[in-house]
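Could you build all of it, start to finish, from the sequences and the hints given here?
In the numbering used here, the protein residues as written are 38 to 135.
Don't take each hint at face value.
DEER-style ranges, computed between Cβ atoms [unchecked claim]: (1) Ser40 - Trp110: 18 to 24 angstroms; (2) Arg109 - Arg58: 17 to 23 angstroms; (3) Ala84 - Arg47: 17 to 23 angstroms; (4) Asp132 - Gln50: 27 to 33 angstroms; (5) Tyr101 - Glu127: 18 to 24 angstroms; (6) Pro87 - Ser40: 31 to 37 angstroms; (7) Pro99 - Ser119: 29 to 35 angstroms; (8) Glu127 - Asp91: 24 to 30 angstroms; (9) Asp132 - Val89: 29 to 35 angstroms.
None of these hints come from the bench; they were simulated from the model. Owing to the predicted nature of the structure, the values given are computational and were not obtained by experimental measurement. All C-beta atoms in this analysis are idealised placements derived from N, C-alpha and C, irrespective of residue type, glycine included.
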Amino acid sequence: MYSSIYYLLRSKQDGRHLAARPEEPESDRTYLLIFSADHEALSYLSAHAPEVRDRFAVESVPAYQLKEMLSRWGFAGIGLVSDPSGPKVEFMQRDRLS
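Shown next as structure tokens:
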């Protein structure tokens, strides 16, 4: 995982990253959505928010920077999107990431 590159979606308007909240009762945890490929990030937007696709840019980040990034921006963890059309998202908490 350390040598991997992941892709994020960042708003062109305010610079915030696309995030998600899993359907957990009484949870306010926010997870940074990450993708394994840039085209998966764009497919996700096309499938679920085509009207705002042009408001986001795809950004790459090496895996070793993720934990620091989560801490800096206050995310509880990551949401790894494995099927952008579904979507299928695996949520992992920050303290469990290596």
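For each hint, the structure was consulted:
Between serine 40 and tryptophan 110 the CB atoms are about 23 angstroms apart, so this pair conforms to the stated range of 18 to 24 angstroms. For the hinted restraint 17 to 23 angstroms between arginine 109 and arginine 58, the CB-CB distance of approximately 19 angstroms keeps it satisfied. The given range of 17 to 23 angstroms is respected by alanine 84 and arginine 47, whose C-beta atoms sit roughly 18 angstroms from each other. Checking the proposed 27 to 33 angstroms range against aspartate 132 and glutamine 50 shows it holds: the Cβ atoms sit about 31 angstroms from each other.
Distance hint for tyrosine 101 and glutamate 127: a CB-CB separation of about 20 angstroms, consistent with the stated range 18 to 24 angstroms. Taken as a hint, the range 31 to 37 angstroms holds for the pair proline 87 and serine 40, whose Cβ atoms sit roughly 33 angstroms apart. The given range of 29 to 35 angstroms is broken by proline 99 and serine 119, whose C-beta atoms sit roughly 19 angstroms from each other. As the Cβ distance of glutamate 127 to aspartate 91 is approximately 28 angstroms, the hint placing it in 24 to 30 angstroms holds.
Evaluation of the 29 to 35 angstroms hint for aspartate 132 and valine 89 yields a pass: the beta carbon distance comes to about 32 angstroms.
Of the numbered hints given earlier, the model fails hint 7 alone.
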